[in-house]
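K.L.:
This is what each chain is made of:
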Amino acid sequence: MEEIRQWETELQRFFSFMLIRTLLFLVILGAPTGLFSDTSRPLIVGTELDFPPYSFIDDEGEPAGLNVDLTRAVAGKMGIDIEIRIGPWGDIRRALETGEIDAIAGMFYSAERDTLVDFSPPFAEIHYSFFRRQGVSVSASLEGLRGRRILVMRGDIVEDYLMRNGFADELYRYDTLKGMMAAFAGGEGEFAAAAHLPALYYLRRLGIDGFEPESFGLDAEEYCFAVREGDRALWSDFTEGLDLLKQSGEYKRLQFRWLGVLNEDSFSLGDVLRYVSYILVPLGLIALAAILWGFLMRREVRARTAELQREILRRDQAEERLEHINRVLEAVRQVNQLIVRGESQDSLMDRICTVLEESRGYFNVWIALFDNEGRFREIYESGLGEMSGKIRQHLGRGKLPPCVTAAAESNSILLTEDPGAQCPGCPLTREYEGRSGMTIPLVYGGRRYGFLFVSTPRRYFRDNAEQELLQGVGDDIGYALHDLEMTNLLNRATTIVQNSRIVLFRWENREGWPVSYVSENVRRFGYEAEEFLGGKVRYLDILHPVDAERVTAEVTSALASKENYFLQEYRLVDGRGTDRWVEDRTTLIRDAGGNVIAMEGIVFDITERRVAEAQQRQQDARLRAIIESAEDMIHLKNCRLEYTHVNSAFAVFMRRSRESMIGITDMELLPAGEAELSLRSDRLVLAGSSYRGEATLLVEGQELRVETIKVPVRDDTGEIIAVCAISRDISEAVRIRNDLESALEEKNVLLRELYHRTKNNMQVIASMVALRRFGLEDEIQQAVLQEIEGKIHSMALVHKRLYQTRDLSRLDIKAYIEELAELIHTTFENRTKNIRFRFDLEQAHGLIDTAVPLGLVLNELLVNSIKHAFTGRDSGEILISMRTDETDGIELNVRDNGIGLPEGFNPAEADTLGLQTVYSIVEGQLNGSIEYLSTEGTEWQLKLGSVDYRERV
Amino acid sequence: MNGKGSVLIADDETIFSMMLSRGLRKLGFSVCASVSSGEEAVKAAREHAPDCILLDLHLNGSMTGIDAAGCIRGFSDALILFVTGYPEDYTEKAIEGISGSRELYKPVNSVQIGEELRDMLSIRES
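Residue numbers (our numbering), protein chains in the order written: chain A, 220 to 1172; chain B, 16 to 141.
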């Protein structure tokens, strides 16, 4: 009884302070959140306000109870600075969720709650009971409570339990246990469901009798420390601390201190027991202690087994995590090795992707690089497969996935746990089904080079160690890219300077203008930079003696002027003593006061240019002299067809000054008609053709004939840049040509007339011979005259044909032969009636010198055949054939099918005048040969060599 | 080789005319007159009404052979054989304009002319 009274006294004190403490707690909870976000603040552990003997406010107004003592003991063991906060259960629960407190001391374990918080192994087991008034009958099962009014504490685990079992309609909720039990005592409800010990505590405190606890359907609940879900560090602290307390026996001591007395009460129910307790207390205490001990021992074994299993699980997880981190570390190590090895950018990026993918086991790894303006430049990848093309295309279009944009903004690693849900617009998410992504910006010195992406299994997603390592890798790659860029730039810059013709100088504006900087390529001039910098060589020393004074004067004048820039050309003497022309472009460097402190210049070798220019000038002068001295008129027009150059011959011809023609066009220079013609030919030339033509110009009332050749002028690239025209006054030549033409015509007329008259005269001569012949009786004499007449006639035919020809010199031999044969055939008609002439003649032309003797020869041979070959024959045939050959001349064949010449007759030796004449003419005059062939009849074969007669007319 | 019919010769080259007169007579033609101008030729043609007329294109007087032939055609259908040394002076068309005419170019001999006349006469007869 003493004990109970003591409790009652404590409870009175408790209630008197409770209101104050609640208010105080609310004030603390309402304090600015900044107070709690301070990382150096003590760990705040909350516990329930009215859950004695586990947690409550003691007489001094301080939190007390098993939870409080146990929390402090754990904190003491683990060396944690803590602060206990006590408040209504609902507030405490919310405070843990919002992070205002770090842990709850005393929270029942349930599977549902385990998804929201992490539970330590239980430090107590608490029984729940349904309290009922005596006389309220109930079947001893949960179903017996259906339709009954049941009081519960809001947020209590028993509320969860009843809700789960479909008692929503039966429940009446209270905020505090005390309030609930007071209401129960006052007659509210038929049952009260609550933790056994605390409820008993209040019933007793309120002096309520006539109730009976029932425990059907409810198991003992495990009472634990709870930390926020995922707060493994704190969880470990509580777990390990509890373990240590259990091992040291302190846990048991505390449990006994707070729970010992009341637990005994749970076995002394009802008023009767209170009266017999005086006797039974000591015995009961001993028995209870023994029972409790055994119970606790069993609980301890169970708890230890569970703990051990958890420990094994934890160790497995830790090992797995360790292995995982090791793999990441290995990947990082390899990446760093690659970076240090200093490869080209492409190969480095490719290999980083491969190494990260292979050694870490990422699904894929890719690096996207961007240029200075943030435009996508290149993608490197490993494990992407076909996706790489898609990503390249996407980035190439200037589109950035949302994760890249976000990572760029934060400049730190961006985690995308479920790309499928988080990045709905991104075309890449489909590839990330069930995977997580990390986007790491590659940044160095404020320049963003690009991004590294890795795709990881979700399991390790929230691994801080890996994120830090990847951030580190990102920094390293960023630095490597920076380094590569700098190296490239530096190499390029160095190479440019070394190979440049341009030498950079800086001269200080002091006595002697000492050189304070000169680029290495001053070697081009045969000097070393050190020679200038060390003062061994002064710039003034290398100036050409002839130019030194001028240069010095110009620099001095530039220094005195307000100009900031000057340009000079002068000679330097190089290290080998050779003169080198240079161009010097110097900028004056002024201080704030406007005083020149230095000169910075670029000096470059223009010797070749000077030489080329000199040669060009010489060539130009030579060309100008040639053009100028030419008698022909020469002018150039540009593409707008304005005169740009005219020589003096042209100026003289046009009766104008040279200057007055420059810049004008033909439209202004020439009469409209002529200008139009000239324009037309100029356009042809500008289109790439050349032109040659004659034109008549009216200059000062005089008609002048001009022949002009126009050609396009092209530059080095082949582009037409001008029209060059060369003209010649051909008025005199044209006059002479016209004179010659009329002289020629006159000659032709005269010649034709001459041939005509010759022919007519021959006709007269032949007529006279014929007249004489008609008067003769003697047939032999007649024959002689007829022969002469025929020969004259054959010659006259040549002349007739000659004046019919165009050139009056070469006649058609074929037609002549045919006409001659026809003449002979007609003349000897009484003999030739049955003699047929056949011709097989090729075309041939010959001069009168060939035609006349050939006609005489042919006349002799044909007349001979007609007269003698067919004696005693009825008919016969004479074939005349002619072959011509450019080199061999003419081959003429006269063949009859007559009786032939007498046996043994040698025509070459024959005594007849006719044949002798034939041989003489052929061999002497015609430079040919004649052969007699006696095959069938008579055949004469004439070969006439190419007769070298000059055409005389 | 018997010539038929009478022939009028008009040529300004006397030797050639003489040669033709003799030659044609030897070939059997009767030469009714030999003149040297176009006017004479027209007159003689009217007077003698020859079967054939040899006309040089180039004649003394103001008429050419073509002119004379044109006049003669006004009253006579005698065969006309133009004989000329200047073929290029007259177009073939002008000669063709004279019906029943042919032409021969110098140099020619009497046999060639006789042959031509015979040929013309035989065509006319048939």
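Quick caveat, the hints were computed from the structure, so don't treat them as lab data.
It cannot be assumed that every hint is accurate.
[What the hints assert, rightly or not] The list that follows gives simulated cross-link-like pairs (lysine-lysine, DSSO-like), each with its CA atoms no further than 30 Å apart: (1) 1010/A x 781/A; (2) 1010/A x 1052/A; (3) 1052/A x 41/B; (4) 966/A x 108/B; (5) 1086/A x 41/B; (6) 1010/A x 41/B; (7) 618/A x 755/A; (8) 108/B x 1033/A; (9) 41/B x 58/B.
K.L.:
Against each hint, give a clear statement of whether it holds in the structure.
P.N.:
Hints, one by one, checked against the model:
no. : hint            : verdict
1   : 1010/A x 781/A  : violated, 112 Å
2   : 1010/A x 1052/A : holds, 21 Å
3   : 1052/A x 41/B   : holds, 19 Å
4   : 966/A x 108/B   : holds, 29 Å
5   : 1086/A x 41/B   : holds, 22 Å
6   : 1010/A x 41/B   : holds, 22 Å
7   : 618/A x 755/A   : violated, 60 Å
8   : 108/B x 1033/A  : holds, 27 Å
9   : 41/B x 58/B     : holds, 26 Å
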